[in-house]
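So the chains spell out like this:
2 protein chains.
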Amino acid sequence: MNNTTFNFTLNAQNNNARSGTIQLSRGEINTPIFMPVGTYGAVKSLDVQDLKELGAQIILGNTFHLNLRPGLDVISRFKGLHNFNNWQAPILTDSGGFQVFSLGKLRKITENGVEFRSPINGDKHTITPEKSIDIQHQLGSDIIMAFDECTPYPSDYSTVEQSMHLSMRWAKRCYDYHHQNTNDYGTRRGVLFPIVQGGMHLDLRKNSIDMLHEIEQSRSNTTFPGIAIGGLSVGEPMEKMYQVLNELMPIMPTEKPRYLMGVGQPLDILHAISCGVDMFDCVLPSRNARNGHLFTWKGVIKLRNARYKTDENPIDSDCSCLCCRNYSRAYLHHLDKINESLGDRLCTIHNLHFYLDLVKQARNAIIEQNFEQFHHQNKHLHTPIS
Amino acid sequence: MNNTTFNFTLNAQNNNARSGTIQLSRGEINTPIFMPVGTYGAVKSLDVQDLKELGAQIILGNTFHLNLRPGLDVISRFKGLHNFNNWQAPILTDSGGFQVFSLGKLRKITENGVEFRSPINGDKHTITPEKSIDIQHQLGSDIIMAFDECTPYPSDYSTVEQSMHLSMRWAKRCYDYHHQNTNDYGTRRGVLFPIVQGGMHLDLRKNSIDMLHEIEQSRSNTTFPGIAIGGLSVGEPMEKMYQVLNELMPIMPTEKPRYLMGVGQPLDILHAISCGVDMFDCVLPSRNARNGHLFTWKGVIKLRNARYKTDENPIDSDCSCLCCRNYSRAYLHHLDKINESLGDRLCTIHNLHFYLDLVKQARNAIIEQNFEQFHHQNKHLHTPIS
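For the record, the sequence lines run as chains F and A. Counting from 2, one number per residue, gives the positions in the first sequence under our numbering. Counting from 2, one number per residue, gives the positions in the second sequence under our numbering.
Looking at chain F on its own, in the form it has when it is part of the complex (with noise of 0.2 Å):
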């Protein structure tokens, strides 16, 4: 069996910004969207009716941890990773590039991949770009994520260039092994995604779109259904980040729906809708709220601050979120103090209500052509609430 499906529809466009409709044969997603992290398959505190009352469309799983943990053989199994963590809808991958660079010095970087020690029990590992869509297939992803180079920030730009090539070159190996191959239970029915890099250089940006399209025209087969960008977000400044984004996402192909890996803050993402950008994951929503830091439309709150200790209000009176709608500010303060997960719970359901909404309303600015006003009137989500 292999039904894949992928289908990508423009419905609107509004100056560069873009509304469409993502086809899958788990579920049908609305761009631009907001993609949860479930890093080890569950989106951190969260059960999958939370997932879906939130209106969660699709969620991202980490190949790196989920192939340590809990490792293939339970994955396997359960046929892939929506009946272990019993999500039906969409999931997207990532490759365990970006995990396996983090490493620092426990990894090292060859031709062939990259060769690196368990952070938990120091067993040695190799990751090539042929294993990481192996793991990929057996996890079920819906979305495969091409293995990558991460370059970091800052580098020369001959490294970048190198660096670029070599993830130019994975990609092809990515490309050929996924359409030669399938998971042990011959359920597969991912696409993969490949990934432009060339660091904060527009020429090398528009060399790796470049070489991406060469390897679509040197096979017979499919297309990539869909284009990431990575190596943003990655240290550089804001404004750079901006910049490239304004640069790049002109010279990007029209008819794939574009997804800026990692990023990021509420503005950012505003900004790369602006500029074209359909899909985003980041770990901020959750990591955010686990730390008391809270979006609203009116500005953030820093739950810690002794200001909220008694005060009556929800997070934000105008928020429908199981915690907007149950508890109050100095409950949500109380329960930060006391180290009670249903803090956590409740804040990572505020955050990603939050980003979920920050998407929504910004594909229905889209459609009703009024983005630029939009965002404008958007430009104070970082702001702290007097």
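These aren't lab readings, by the way, just hints derived from the structure by calculation. Everything numeric in this text was worked out from a predicted model, so none of it was measured. Careful, some of the hints might be misleading.
As the list claims (entries may be wrong) - These stretches of chain F come out as covered by chain A in the derived footprint (C-beta under 8 Å, 3 or more residues): (1) 29-43; (2) 48-55; (3) 75-84; (4) 305-314; (5) 321-330; (6) 361-368.
Quick reminder that beta carbons are idealized off the backbone N, C-alpha and C, glycines included.
Go by the hints and put chain A onto chain F.
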């Protein structure tokens, strides 16, 4: 406003086991009942929607903990705990006595009350019977517990005797303070339960019951609407506790609900129900859940056992809780391994569902006059599943 409502109706009796209904202004409770423990105003990891879905009818709050965090200044802003934690059904609060006595060297007992140092910041506090009742009034508790000394086990006869006498003098002070005062916002609706002490000695237990009865008779106000059994499950062998219950219950007032404090294992609860106990609380189901100790009608599952690593079955295929409807033992085993709080929540939901089901099935068995058979059929509840 002082609209105290309390009514206890016995609906069925099967040998010594009883089933009844407690009416309180915030809701009805069907007995025998188990009360989940919400130490700091939250049943660990659960929100109020979870508790409603579990069918919880009453939860417990800890006076000692809530008085320290968030403190009465915060609770008063909300005019009580119900508005703070948004649990609108009945709440029973303990007196704080048990926690204060657990402080060991940090506390000093006098006739007046107990002096102790806060385990959080070392501040000096004094808690007296009057102070305990006042805090419980401010919390807006529906069932208020008398402040007593929990006699340690083992203790010699005269120590137990003196301790019990002190508790009875304190019970009288609690009674008087309770009936002469309300809270700052005039919304008190709670009723006061006294606590029978006397350790493992039936004669002292009988004296204690008589002395409580004398308090009622010497006062022109209402009688105690319910009565608690303290000083059990404090380290004595199970047989000892069962023996005390066997001997004590026949001499307890029959017209009042009987609350066995801090008990216990499922079989302890079934034994106590067979003796005529009506109300229970214990941290065991929630604490055990967080340690991977799960209860089912077929026996105990120790989730950390490697055999569950790939087990595709739910904890209990006959269970209808959120956890069993959605997840396998293997997934829960994985969540435990990665220390993911979602696992704590799912396991807590399962164990509390089991406990609430246990008392519900007991109720039904009593009504159907086959409690003894039901009890006998479930002697294996503590045995690990094979």
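The hints, checked one at a time:
1. 29-43: holds (count 3)
2. 48-55: Coverage by chain A holds here, the residue count being 3 at a Cβ distance below 8 Å.
3. 75-84: holds (count 3)
4. 305-314: Holds, because 3 residues of the segment 305-314 of chain F bring their Cβ atoms closer than 8 Å to Cβ atoms of chain A.
5. 321-330: With 4 residues closer than 8 Å to chain A, the segment 321-330 of chain F meets the three-residue bar; holds.
6. 361-368: With 0 residues closer than 8 Å to chain A, the segment 361-368 of chain F misses the three-residue bar; violated.
In terms of the numbered hints stated before, the structure departs from hint 6 and from no other.
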